[in-house]
Each structure stands twice: as C-alpha cells, then as structure tokens.
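These protein sequence lines map, in sequence, to chains A and B. Going by our numbering, the first sequence opens with residue 48, and the numbers climb by one from there. Going by our numbering, the second sequence opens with residue 16, and the numbers climb by one from there.
It is possible that some hints are incorrect.
[Said to hold, decoys possible] Computed footprint of chain A on chain B, listed as stretches where at least three residues anywhere in the stretch have a Cβ under 8 Å from a Cβ of chain A:
#, stretch
1, 23-37
2, 77-84
3, 93-101
[To be verified] Taking lysine-lysine and the PhoX-like style, the derived pairs with C-alpha atoms no more than 25 Å apart in a straight line are:
#, chain 1, residue 1, chain 2, residue 2
4, A, 145, A, 73
5, B, 72, B, 85
6, B, 85, A, 145
7, A, 103, A, 73
8, B, 29, A, 145
9, A, 73, B, 86
[Said to hold, decoys possible] Among chain B residues calculated to face chain A with C-beta under 10 Å, some are:
#, residue
10, 48
11, 50
12, 63
13, 67
The hints are simulated quantities; they were obtained by calculation from the structure and are not laboratory data. In this text the structure is predicted, and so the values were computed from the model without any measurement. C-beta: ideal position from N, C-alpha, C; glycine also.
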Amino acid sequence: SQQGEEDPQALSIQEGENATMNCSYKTSINNLQWYRQNSGRGLVHLILIRSNEREKHSGRLRVTLDTSKKSSSLLITASRAADTASYFCATLGGATNKLIFGTGTLLAVQP
Amino acid sequence: NAGVTQTPKFRVLKTGQSMTLLCAQDMNHEYMYWYRQDPGMGLRLIHYSVGEGTTAKGEVPDGYNVSRLKKQNFLLGLESAAPSQTSVYFCASSWGTGIQPQHFGDGTRLSIL
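Hey, can you work out the whole structure from these sequences and the hints?
The following block contains the structure:
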C-alpha cells in the first residue's frame, strides 16, 4: 500500500543548481515528512510539515504542501555534491497507521 | 552518541537457515521498527513495537518474528530463510508516532542463496 510517490524517480543536476522533488499521496494527512538516504546508509529525517502549514524552510531546504492536490514538494537550493542521495516522503497510513514511505527520488549532483 | 546500531552489517544465508538481526538504540525511545528495502519498492514495515514487551505486525510480517525483551533492543528473526527475503533490513526508533521523526540504523544487507 503506497501512500506517497515521488517524482521524478531520478534527477541529475549541476552543483549550484536547484533541485525540486515532488511527492503525491492518496489519503488525508496530519503531516508529511521528508527523509534523505545516502548510499549504503540509513534514512535521515530532514523536515516535517503539518497539514495546516503551506511552506516550511530549513537551511537550504524548502518544503511546500498543497492538501487540496495531495502533494508536497522539496526544493534544495544551491545544491552541492554532498546532496547526492535518495529523498523520500513519508506519511501516516495503511492498516497500521504507521509511516509509509514513497519509492524515492534519486538525486545526483554533478561537481 | 551511537543512535541506532544494527548487527550484523552483512550476512549470506542458505535457504532454510535461521538467523537473528539485532537492533540497539541508546535514545530511550519507546517505539522501534523493522523495515525491508527492496529496489523500486521503498521501505516496507515488517514489525514494530510501541514499548518493552510489545510487538505488532506491520505491512509484510510473514516469515519474520520479533522480540522486544529490553527497551533498547529489538530483534528480528528469520526462522527458515527464503530467497524472497534477500533484502536490506533497516531498524528505526522514535519517541512516539505521528509527528515524531524516526532515527534509522545503517542497515543489514542479507542475501539468501
């Protein structure tokens, strides 16, 4: 049962450019979380946005949420090679009402 | 501060063998989770625990068992390994559910031949 799906599946950009990833989900949510996963490592929590928020910032990260469209976007500004990773959105859902992760966007930042 | 530690990091098993994956957290978290990650499928919840002595089934529990005898440890067992269980297994922990972020270990890469 996939709650969130990221788009695009893969993204390749040059250092200094902005990277935008999108997440669409199926059911109503209270909040949405974004995680990063570096190759061979576990997921790391980046940011949480609540359903009553439209935009949230954390350093070079900007997250938006449109509950009417059931979608969220993650923008990374002035990307660096170290931002190369997979990015996942996650929302509560399913029979267990626990976090369900999307399939992720693989971001490659070329130096 | 170690966070979430998983052992072993790699393991190769033969079909039918059994093994236990260990997860330890030092953040005094109540909630612990086991996921598997397969290419193109994201993370899927196998089992979880909401406190010491409790366990519950996740999305894909068949073929796995878990135990949480101590608050800091969460064990995942494969009684009779099958090739379909070849995957990367992640453990995570959190203070609670809902808005609480999950903290992940670096995974166990398991191959079943």
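Now the hints, each set against the structure:
Coverage of the stretch 23-37 of chain B by chain A is violated in this model, with 0 residues showing a Cβ closer than 8 Å to a Cβ of that chain against a need of three. Residues of the stretch 77-84 of chain B lying with their CB closer than 8 Å to a CB of chain A number 0, which falls below the three-residue condition for coverage. A count of 0 residues in the stretch 93-101 of chain B with a Cβ less than 8 Å from any Cβ of chain A is obtained; the coverage claim is therefore unmet, three being the minimum. Among the hinted pairs, residue 145/A with residue 73/A is consistent with the structure: their alpha-carbon atoms are about 15 Å apart, no more than 25 Å.
At most 25 Å may separate the alpha-carbon atoms for a hinted pair to count; residue 72/B and residue 85/B meet this at roughly 18 Å. Between residue 85/B and residue 145/A the CA atoms are separated by roughly 22 Å; this keeps the pair inside 25 Å, and the hint holds. Straight-line distance between C-alpha atoms of residue 103/A and residue 73/A comes to about 21 Å, which keeps the hinted pair within the 25 Å bound. Among the hinted pairs, residue 29/B with residue 145/A is inconsistent with the structure: their alpha-carbon atoms are about 32 Å apart, more than 25 Å.
Distance hint between residue 73/A and residue 86/B is unfulfilled; the C-alpha atoms sit about 34 Å from each other, more than 25 Å. Hint status for residue 48/B relative to chain A: holds, with the closest Cβ pair at about 7 Å, below 10 Å. Taking 10 Å as the C-beta contact cut-off toward chain A, the hint placing residue 50/B at the interface holds, the least distance being around 8 Å. The beta carbon of residue 63/B is positioned within 10 Å of a beta carbon in chain A (closest approach about 6 Å), and the interface hint is therefore held.
Checking residue 67/B against chain A: minimum C-beta separation of about 18 Å lies over 10 Å; hint violated.
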